[in-house]
Amino acid sequence: MEAVNSLDVEAVRADFPILQRKIGDKPLAYLDSAATSQKPAQVTDAMRRFSDYSNANISRSVHTMAAEATDAYEGARAKVASFIGAPSPDEVIFTKNSTEAINLMTYAFQNASVERGADPRFTLRPGDEVVVTEMEHHANLVPWQQLCLRTGATLRWLGVTDSGRLDLDDLHEVVNERTKVVSFTHVSNLLGTVNPTAAVVARAKEVGALVGLDSSQAAPHLPVDVAGLGVDFIAFTGHKMLGPTGIGMLWARAELLGAMPPFLSGGSMIETVTMERTTFAGPPAKFEAGTPPVAEAVGLAAAIEYLEALGMDHVRAHEQDMAGYMLEGLGAVDGLTVIGPDVPTDRIATVSFTFADIHPHDVGQVLDSEGIAVRVGHHCAKPTCARFGVTATTRASAHVYTTTDEIDRLVSALEKVRKVFA
Amino acid sequence: MEAVNSLDVEAVRADFPILQRKIGDKPLAYLDSAATSQKPAQVTDAMRRFSDYSNANISRSVHTMAAEATDAYEGARAKVASFIGAPSPDEVIFTKNSTEAINLMTYAFQNASVERGADPRFTLRPGDEVVVTEMEHHANLVPWQQLCLRTGATLRWLGVTDSGRLDLDDLHEVVNERTKVVSFTHVSNLLGTVNPTAAVVARAKEVGALVGLDSSQAAPHLPVDVAGLGVDFIAFTGHKMLGPTGIGMLWARAELLGAMPPFLSGGSMIETVTMERTTFAGPPAKFEAGTPPVAEAVGLAAAIEYLEALGMDHVRAHEQDMAGYMLEGLGAVDGLTVIGPDVPTDRIATVSFTFADIHPHDVGQVLDSEGIAVRVGHHCAKPTCARFGVTATTRASAHVYTTTDEIDRLVSALEKVRKVFA
Amino acid sequence: MDLDELYQEVILDHYKHPRGTGLREPYEGESHQVNPTCGDEITLRVHVEDGRLADVSYQNVGCSISKASASVLYELVNDVPVDEARTKMDEFTELMNSKGLGEPDEDTLEDAVAFTGVSKYPMRVKCALLGWMALKDALIRAEASVPTPRGGAE
Amino acid sequence: MDLDELYQEVILDHYKHPRGTGLREPYEGESHQVNPTCGDEITLRVHVEDGRLADVSYQNVGCSISKASASVLYELVNDVPVDEARTKMDEFTELMNSKGLGEPDEDTLEDAVAFTGVSKYPMRVKCALLGWMALKDALIRAEASVPTPRGGAE
Ligand SMILES: Cc1ncc(COP(=O)(O)O)c(C=O)c1O
Ligand SMILES: Cc1ncc(COP(=O)(O)O)c(C=O)c1O
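Keeping their order, the protein sequence lines are chains A, B, C and D.
For what it's worth, the working numbering labels the leading residue of the first sequence as 53, then goes sequentially.
For what it's worth, the working numbering labels the leading residue of the second sequence as 53, then goes sequentially.
For what it's worth, the working numbering labels the leading residue of the third sequence as 25, then goes sequentially.
For what it's worth, the working numbering labels the leading residue of the fourth sequence as 25, then goes sequentially.
Do not rely on the hints blindly, as some may be mistaken.
[Unchecked claim] Computed from the model, here is a short list of chain D residues facing chain A with C-beta under 7 Å:
(1) VAL58
(2) PRO60
(3) THR61
(4) ALA78
(5) MET147
If you are wondering where the hints come from, they were derived from the structure by calculation, not from laboratory data.
All C-beta atoms in this analysis are idealised placements derived from N, C-alpha and C, irrespective of residue type, glycine included.
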C-alpha cells in the first residue's frame with residue numbers, strides 16, 4: 053500500500069444516486085465496476101446542462117452555440133490529454149469505446165498494407181509478427197487476429213503464470229526482430245493483474261517494434277502517464293472511469309498519428325474533397341469522421357474532473373485496500389479458488405474466482421437475490437479462462453464507491469449460494 | 053402538401069428547454085437542425101433515469117441491473133426496427149453515427165475483397181463499379197472513394213440538375229452490369245432534395261447491384277419504410293432525429309448481414325475465441341464489438357417515441373409547410389439565390405442560399421448577433437458546392453419546433469447583413 | 025428476486041441427478057452449441073429409427089439451468105416420435121419466451137413446467153434453451169443425413 | 025454579440041478595398057492554404073530579395089475576416105525585412121490566440137490591432153490566420169528553394 057487511503061467513501065457514495073437503489077428488498081451492492089462503473093451526479097448534470105443549453109454540432113458553424121459546443125468538446129480533449137500526461141491534446145482521438153480505439157490501430161496496419169506509399173512501420177507481410185498476451189480482453193486480441201489473417205502476418209503471445217502474472221521468461225524469443233507491434237493489456241480485466249510494462253516496452257523498443265497498451269482497466273484506477281510508460285499508443289474507455297457510455301479514447305504519439313492512414317472516413321476529417329479525390333486533415337480530425345459523441349465528451353470531462361478532485365493517488369490507495377480486503381475475505385471461504393494474483397501487490401480490486409463446483413451463473417444469480425451485483429462468465433477473455441482450465445468465473449470488482457461492508461456481504465452471501473446448491 | 057399540418061408547435065417547443073435560451077439579449081431562433089437537432093426533455097429524462105437507476109453493462113451478466121440494461125438496449129433496437137418497418141430487430145445495428153454505419157458497409161466490401169471464401173457480392177476487383185451521386189454528404193462519398201482506391205474498383209456518380217434534382221438521364225449508363233453497389237442520399241443535406249429512390253433502386257436491382265440509402269436527413273422528417281423502399285441497407289443517425297449524440301444505425305437485410313464479414317472486432321461479437329482463432333456471433337451482435345452506447349440507445353428510443361407520438365405524417369406536413377414558408381420568404385430577398393429546388397415539393401425545410409456577394413461566414417455571424425443560428429460552409433458536401441460554383445452557402449433548416457416567426461426573423465435579419473457589408 | 029421460483033426443487037434435482045447423460049452410438053445427427061455470453065456448451069446426438077427418437081445422448085458444461093434443461097429434454101423426447109418431440113420443442117420454446125406469463129400444459133411438458141419461472145429471467149432463458157437448440161439442429165442434420173460432427177460453433 | 029467589436033471599420037475597409045491583391049512574378053515561395061471547415065482558400069507568393077520581402081502577392085476566396093486579414097498582412101510585411109515580418113507574424117498569431125485578452129502593440133501591428141475582437145470568436149480565428157499560415161509556409165518554401173506551387177491542400 054503505497055499511499056494512505058484517504059478517500060471519504062461515504063461522501064463519494066452520496067454523489068452516486070444509483071447506489072441508493074434496492075434490488076428487491078435488499079440494498080444494492082454494486083461489485084461489477086470492471087464491466088462498467090457508475091456515474092456521479094456531476095457527470096450526468098454536466099451532460100444535462102450541455103443538452104439543455106449549448107447543444108449544437110461542433111466545428112462547422114459560426115453561431116454561438118456551435119462555438120460553445122466546440123469549446124466544450126475540445127476542452128474535453130485537453131482534459132484527457134492532461135489526465136494522461138500527453139504532450140498535446142492533438143494526440144487524443146475520441147472513439148466510441150476502447151474497442152474502436154484498438155480497431156483504429158489495427159486498421160491503420162491493414163490499410164497501410166494495401167496502400168501505396170504507406171509508412172513501412174505499418175505495413176504487414178507474411179513473416180512479420182504481432183505480439184499480444186494470453187491475458188487479453190477479446191478487444192485486444194481479436195482485432196490483431198483479424199489483422200494477421202488479412203495480411204498474412206503471424207500472431208504470437210506471452211503466456212501467463214499459474215499465479216496470474218505475465219510470463220516474461222520467453223520475452224526475448226516472442227518479441228524479436230520480426231515483431232512489428234506489441235499490444236498488451238495494462239491491467240487484466242479477468243485476473244486483476246497490473247502488468248510490469250517497463251520490461252515489455254524496453255524489449256519492444258530494442259527490436260524496433262511499436263508498442264501500445266490496452267489501459268481500459270488501468271485508467272479508472274491508477275495514475276496513467278504516457279510519457280513515463282514510454283509507449284506509442286494506449287486505448288481506454290469512458291464508461292469504466294465514471295464517465296458515460298458512447299465514448300472511448302486512443303492516445304498515440306503525434307508523429308505516429310501523422311503517419312497512420314485514416315480509418316473511418318467522411319465529414320470533418322477531410323481537407324478537400326472532389327468527386328475524384330480526397331485529401332485529409334491532420335490529427336486528431338483525421339481520425340474523427342462524422343459527428344462525434346459531443347455530450348459524451350462533456351460527461352467524460354466531468355468524470356475526469358471528479359477523479360482528479362479525489363486524487364488518482366487516493367483512488368489507487370482505496371483500490372488497493374479493497375483488493376486486500378477482498379482477497380482476505382474471499383480467501384477464507386471454503387472451496388473458493390481465486391484465479392489471479394492472491395496478494396494485493398500489482399493488482400486491482402477485480403477478483404475472479406471459482407466456487408466449489410457451482411457454476412458462476414448460479415453463483416451470480418443467488419448473489420443477485422441478495423442485492424449483490426457481480427459479473428459471471430468468461431469476461432471477454434476466453435483464452436485466459438482456458439489457460440486456467442475454466443469456462444467461466446465469478447468476478448467481483450470495486451471502484452471509488454466500494455465499501456468493506458459490501459465485500460462482507462459478498463462473502464457471507466456465498467454461504468447462501470453453497471446452501472442452495474449443496 | 054399531402055397532409056394537414058396539425059402539429060401544435062407551441063406545445064412541442066415547451067418540451068425543448070434549450071429553446072428558452074437567449075443569445076446575447078435575443079431569443080434563440082435555432083435554424084440549424086440539419087446539423088444536429090435539439091432534444092426534448094423526454095429524451096434527456098429517459099437517459100438520466102437510466103443512468104441513475106439501471107446503469108449496467110449489457111448482455112453479459114445475470115444481475116438485475118444488467119438484465120434491465122439489456123432489456124432497455126434491445127428494446128431500443130426493436131423500437132428502431134418498427135420505426136422503419138424492418139421485419140426483425142436483428143436487422144438493426146447500432147453504430148456511433150451515420151458515418152460509422154456507412155463505413156461498416158464499405159469495410160464489409162474491403163474485408164470481403166481480401167478474405168477467402170467471401171460472398172462474391174462483396175468482393176471488389178478492378179473493373180467493378182460503385183455508384184454514388186454528386187449530392188452526397190462526404191459521409192457517403194469518401195468511404196466509397198477510399199474503398200475504390202483500396203480495391204481498384206471504379207467510382208461513378210449520377211449528376212445533379214440546375215434545379216437541384218438528381219439527374220437520371222444517364223442512369224442506365226452509370227448504373228450498369230459492372231455496378232456492384234449503389235449508395236445514394238435519400239435526402240440531400242445541402243439542397244434539401246428528397247430523391248426519387250424508386251427509379252434508382254429499380255435500375256440497381258435490374259443489374260443485380262446492391263443498393264442502399266443514406267437516410268440521415270430523411271429519418272428525422274419523413275416516414276421511412278425499408279420494405280417499401282426496396283433497398284438493401286440504410287444508414288441514419290440519432291442526433292439529427294431528436295436523439296442523443298453517440299449513436300447511429302445501420303439497417304440491412306438479415307441475409308445480407310449474415311453474408312458480410314465483421315467490421316470492428318472484440319468483445320460481444322464472438323461465438324468462441326482461442327488464441328489462434330475466433331468464430332463470430334450472428335447479426336446484430338457480430339457488428340457490435342465492445343460496450344455499445346447503452347444510455348444513448350435509451351435516449352434514442354425516447355426520441356423515436358416522441359416522433360411517433362407526434363406522428364410522422366404530421367412531422368412531414370409541418371416540415372413541408374416550413375419549406376414552403378422559407379422558400380417564399382427567402383425568395384423575396386433581393387440578391388438571394390436558393391441553391392436547390394425552389395418549390396416545396398419533394399423537398400425538406402433545409403434551404404441553402406447565397407446572398408449578394410457576402411460570404412456565408414459573414415452572413416452567419418450577423419445572423420448570430422440577432423440570435424439566429426444557421427449553418428455556413430460547405431456542409432460536408434464540397435462536390436455539391438462545386439457543382440453550383442460556390443465554395444460555401446448559408447443554410448437554414450427546420451424541425452418540429454420551428455415556427456414561421458423564426459423564419460420571418462431570418463428574412464428580416466438578412467437586411468441587417470446587407471447593411472453591414474453593403 | 026424470488027429464488028425459489030427460479031430454482032425449483034425439480035430443477036435442482038435434475039441438475040444434481042441428470043438423466044441420460046453421455047454421448048452414445050449410433051447417431052445420425054450431432055450438434056454442438058455454445059452460449060457465447062457465458063461459454064456454456066453442449067454436444068447432443070440423435071438416433072432416429074422408424075420416425076422415433078430412439079436415443080438422445082449428450083454431454084454438456086454449464087449452469088444448473090442449462091444442465092437441468094438438458095436432463096428434462098432427455099426425459100421428454102427420448103423414445104418419442106420425432107413429430108411429438110418437435111411439438112414439445114415448440115411448446116417449451118414458447119414457454120421460455122413468455123416472460124413468466126406462460127401457462128404450460130403439464131401433460132405434455134411434465135417436469136419442464138418447472139421452467140416457467142426461468143422465463144422471467146431474460147439472461148437465463150438462453151441457458152434453458154441451449155440443449156433445445158442443439159436438438160433442433162441435430163434433427164435437421166439427421167434429416168439431411170449430415171452426420172458429420174459440426175455444430176454452429178466450429 | 026457585439027458585432028461592431030468584430031467587424032471594426034478598419035476591417036470592413038480592408039475587406040471592401042483589399043491592398044496588394046493578385047499573384048505576381050517573380051517569386052521564390054508559394055503556398056496554397058485551405059480552411060477545411062469552410063472551404064476558404066488563399067494562394068500566396070513571396071519574392072525575397074536581399075533578406076527583404078520585396079513582394080507579397082496573393083489571390084483568395086473567403087469571408088470578410090480572412091480577406092481583410094490578408095490585406096492587412098500585405099500592408100504589414102510587404103517590403104519589410106524577412107526577420108521583421110516573422111516577428112509580426114508571431115505577434116499577430118499570439119494576438120489571435122489571446123481570446124480577446126491580447127494587448128497588441130499598435131506601433132508594430134498597425135491596422136492589425138483591429139483584429140483583437142476577432143480573437144474572441146474561436147470559429148473566426150482560423151479565418152484571420154489563413155493568410156498568415158500561407159505566409160509562414162511560403163517563406164519556408166522560399167528558403168528551401170522549393171518554389172513549386174504545392175501547398176498543404178494539394
Ligand atoms: C446526408 C447526411 N449523411 C451523413 C451525415 C453524417 O451523419 P453523422 O455526422 O451523424 O455521422 C449527415 C450529417 O452530418 C448528413 O446530413
Ligand atoms: C481490458 C479491457 N480492454 C478492453 C475493453 C473493452 O472496452 P469497451 O467495451 O469500452 O470497448 C474492456 C472492457 O470491456 C476491458 O476490460
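| task | Answer holds if the nearest beta-carbon of chain A is closer than 7 Å to that of D:PRO60; otherwise answer violated. | result | holds (5 Å)
| request: Have a go at the D:MET147 hint: is there a Cβ in chain A nearer than 7 Å to its own Cβ? | output: Status holds, d = 5 Å.
| Minimum Cβ distance from D:THR61 to chain A below 7 Å? | holds (6 Å)
| task | For the hint on D:VAL58, just tell me whether its beta-carbon gets within less than 7 Å of chain A. | result | holds (6 Å)
| said: Under 7 Å is the threshold here; is the Cβ of D:ALA78 close enough to any Cβ of chain A for the hint to stand? | reply: Given a least distance of 31 Å, the restraint on D:ALA78 is violated.
The structure is inconsistent with hint 4 alone, although it conforms to all the rest.
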